[in-house]
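Q: Based on the provided sequences and hints, a complete structural model is requested.
In the order they appear, the protein sequences are chains A and B. Using my numbering, the first residue of the first sequence is number 1, and each one after it goes up by one. Using my numbering, the first residue of the second sequence is number 1001, and each one after it goes up by one.
If a hint is listed, it holds; no wrong ones were tucked in.
From the structure, some residues in chain B lie toward chain A, with a derived Cβ separation under 10 Å: (1) Ser1554; (2) Ser1558; (3) His1624.
Beyond 12 Å from chain B on every Cβ pair, some chain A residues (computed): (4) Pro9; (5) Ser10; (6) Gly18; (7) Gly23; (8) Leu30; (9) Gly34; (10) Gly36; (11) Val47; (12) Met50; (13) Ala51.
List time: in silico DSSO-like cross-link candidates among lysine-lysine, alpha-carbon distance up to 30 Å: (14) A:Lys59 / B:Lys1383; (15) B:Lys1513 / A:Lys17; (16) A:Lys55 / B:Lys1381; (17) A:Lys55 / B:Lys1644; (18) A:Lys55 / B:Lys1073; (19) B:Lys1314 / A:Lys55; (20) B:Lys1578 / A:Lys17; (21) B:Lys1055 / B:Lys1296; (22) A:Lys55 / B:Lys1327; (23) A:Lys59 / B:Lys1314; (24) B:Lys1242 / B:Lys1055; (25) B:Lys1451 / A:Lys17; (26) B:Lys1003 / A:Lys59; (27) B:Lys1383 / B:Lys1003; (28) B:Lys1210 / B:Lys1177; (29) B:Lys1240 / B:Lys1381; (30) B:Lys1082 / B:Lys1096; (31) B:Lys1314 / B:Lys1286; (32) A:Lys55 / B:Lys1653; (33) B:Lys1099 / B:Lys1118; (34) A:Lys59 / B:Lys1327; (35) B:Lys1222 / B:Lys1118; (36) B:Lys1301 / B:Lys1016; (37) B:Lys1003 / A:Lys55.
Source of the hints: derived by calculation from the structure; they are not laboratory data. Note that the Cβ used here is the ideal one computed from N, Cα and C, for glycine as well.
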Amino acid sequence: MVDPSVLDPSMVAANAKGMIAIGAGIAVGLCGIGAGMGEQAIGAAAVGAMAEDEKFFGKGLLMTVIPESIAIFGLVVALILLFVF
Amino acid sequence: MLKTTRMTKVVIAGTKDQLEPAISVFHRLNVLHITDFSKETEDFKIGRPLKTASKFSEYLLSLRAISNQLGLKESESGRITKSGEISSDIDEKITKLQKEVSSRFDELRNIEFKLKEKEDLLSSVKPFFGLPLSLDSYSGYERVKVFTGYIDIDIESRIIKIHSNFELFVGEHEKRKIFALFIPREFEREVQELLQEERTYVEVKVPPLKGNPPIILDELTKDISNLKENSNTLRTELDKLKEEYSEFIIAADEHLSIETQKSEAPLRFATSANAFIIDGWIPSNKFDEIEIELQKSTGGKVYLTKITEEIDEKEIPIELENPSAAKPFELLIDTFATPKYSEIDPSLFLFVTYPMFYALMLGDVGYGLIVTAIGFLIIQKFKTGGLNALAMILLISGLLSTVFGVIYGEFFGFPIFNLEFKGHFEAGILGIAGPAIAGLHLPVHRFESVKPLLLLCFGIGIFHVILGYIIGFRNQVLMHDLKHAIYTKASWMMILIGGVMAIAKIMPSLMSKSPMPTGDPILMVGSGLFIIGVILLIIGEGFISILELPTLLSNILSYSRILAIGLSSAGIALAVNKMSMNLMIKPDGVLMGGGILLALAGVVVLFIGHVINLLLGILGPGLHSLRLQYVEFFTKFYEGGGTKYLPFGHNRKYTEE
Chain A
1 MVDPSVLDPS
11 MVAANAKGMI
21 AIGAGIAVGL
31 CGIGAGMGEQ
41 AIGAAAVGAM
51 AEDEKFFGKG
61 LLMTVIPESI
71 AIFGLVVALI
81 LLFVF
Chain B
1001 MLKTTRMTKV
1011 VIAGTKDQLE
1021 PAISVFHRLN
1031 VLHITDFSKE
1041 TEDFKIGRPL
1051 KTASKFSEYL
1061 LSLRAISNQL
1071 GLKESESGRI
1081 TKSGEISSDI
1091 DEKITKLQKE
1101 VSSRFDELRN
1111 IEFKLKEKED
1121 LLSSVKPFFG
1131 LPLSLDSYSG
1141 YERVKVFTGY
1151 IDIDIESRII
1161 KIHSNFELFV
1171 GEHEKRKIFA
1181 LFIPREFERE
1191 VQELLQEERT
1201 YVEVKVPPLK
1211 GNPPIILDEL
1221 TKDISNLKEN
1231 SNTLRTELDK
1241 LKEEYSEFII
1251 AADEHLSIET
1261 QKSEAPLRFA
1271 TSANAFIIDG
1281 WIPSNKFDEI
1291 EIELQKSTGG
1301 KVYLTKITEE
1311 IDEKEIPIEL
1321 ENPSAAKPFE
1331 LLIDTFATPK
1341 YSEIDPSLFL
1351 FVTYPMFYAL
1361 MLGDVGYGLI
1371 VTAIGFLIIQ
1381 KFKTGGLNAL
1391 AMILLISGLL
1401 STVFGVIYGE
1411 FFGFPIFNLE
1421 FKGHFEAGIL
1431 GIAGPAIAGL
1441 HLPVHRFESV
1451 KPLLLLCFGI
1461 GIFHVILGYI
1471 IGFRNQVLMH
1481 DLKHAIYTKA
1491 SWMMILIGGV
1501 MAIAKIMPSL
1511 MSKSPMPTGD
1521 PILMVGSGLF
1531 IIGVILLIIG
1541 EGFISILELP
1551 TLLSNILSYS
1561 RILAIGLSSA
1571 GIALAVNKMS
1581 MNLMIKPDGV
1591 LMGGGILLAL
1601 AGVVVLFIGH
1611 VINLLLGILG
1621 PGLHSLRLQY
1631 VEFFTKFYEG
1641 GGTKYLPFGH
1651 NRKYTEE
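A: Next up, the structure:
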């Protein structure tokens, strides 16, 4: 363990900044995985529907991006972490 | 605007001798949405097609076959032919075309078949060049069996083991060893087994021809070139015919389609022994005009009557009606669902909000201009249809993105104006400080102003959702009653407004960990509204509706995507620029300091990066802006499920009456 009193203030600031960056990365990454899991089922179904009738392309594409909200929430959290804090 | 076109239910009745003129008039006017007659009674049966129907469809069939054989494609810019001109000699022309085209086409096919045959022969003769024998010497023996094929090993030594009485010829073709073995039939089986065990053996069949391979080859080549010449002549002749008749074929196709449509129309009418009745809908404002036209063409013998009682709203066909600027956005409505007759048509709202969301997300002068240009080019190529509408939407969105690009001060991710970013100075492309317009100091740098922009997005979201509830309230009042509208829509509005007021007061004190401003009037009113809203909701929709409350929160939070997608697009552009700049300017601000190769790599990175970001920039904002409309906005009021208005008629492209 490093004695905190030994660290100089610039290192502490840099450390905090790094933690924020890691947090932002985790937020985006985990949300991306979640969104991907949601999209895979919808995407597969949309491709199936499109194979039946090509007119479903528009609707299918739209349905597929609906779970993307989750990824975007993660992105927003990351942005707030990076820019607002 | 906002409302769909008002429709009137009509019944058209007349004697059977007036059927044809009546069909003609309605087809020309292209306004009557026919309700198909289906319930046959003793007196009224479904009509029979006009006598001309079979003739026309027969012509159409042969014409389509001809145009198929000629490989004719529809062209956008065709001459417009008079319909009468076509029908005067359509008979002769089609017969003539059929004769000329079909005979040539059949011959061409025949020649191509022969050509294929000869070419196959040619390739099967070639291997025998390696052997010094005439082709007829390989067959016609009673007691001798002939084996021919490729093989890699020396087979002579092995065959000697079977029997010494044989003759073997060995040669080479395309670097592979080819052999011909003549051996008495008694040993056929043994040789067969020997060859089968040898993996490099490939049998080569002797073509059924006579003579020396070189001579045969000469003859075949001559035949082939003759056939090719013939097929070329036929092709040029067909091309000439295609050029000469393409206009006629395209125009006649349209003419015949129209005539077939007309002569098959009675299948949708009710007819008795001597009369006919057509049920349908016409736009209310065109009623007088149609009545006059019908009078003129049928001498007053066909009657047009308005029906006002017993109207089922579900039956009314829906025609969207919008000013021409908002017209392209009807495509987005149609993709979702056709509205009901009494519902608001939201195209006009989309016209305002869709490009705005798009532009807030993309917001870059460079990308905006490219998107505008793409939209413009597509419009030039496709004058009508869905693609044209889509391109119009893209064009409007691109233009607005350029405007927001100026506000954000971004050009392909490079700053347009000088700015201070995170404490250090960055020179813009223009080299000047941003101007201040109407109190807004440009540029509003997106990375610098995340917090205010995020609040702006939530503000837009709250406004947009409330707008949706207001429209929903209006629809509910019309479709049900005021009480229902208050329970289902006004309650949600109260919850939303009250919730926003309360949160606006609670959040800052939570963030700064100061005590709650419990006595604040705004907080009190907000909480009150929220509670009343929840109570109304429970009365109207039951206790279970409490579960829906978080949806509202996620709806509003969803609008943060406007900022998030914009920032990620700007971030990618920034990263691409930085990477390529590091490659091009290295080290320490010297252009091409890292050598020409690194600089070139920088250019490639810059190009590919921006192309990818541009594609993402069209797809991302386009889809997410649409999603905000469909999921957040439409769910507050839109039901849909109407039938589209499809008037009886045809949009003529190549012909006129």
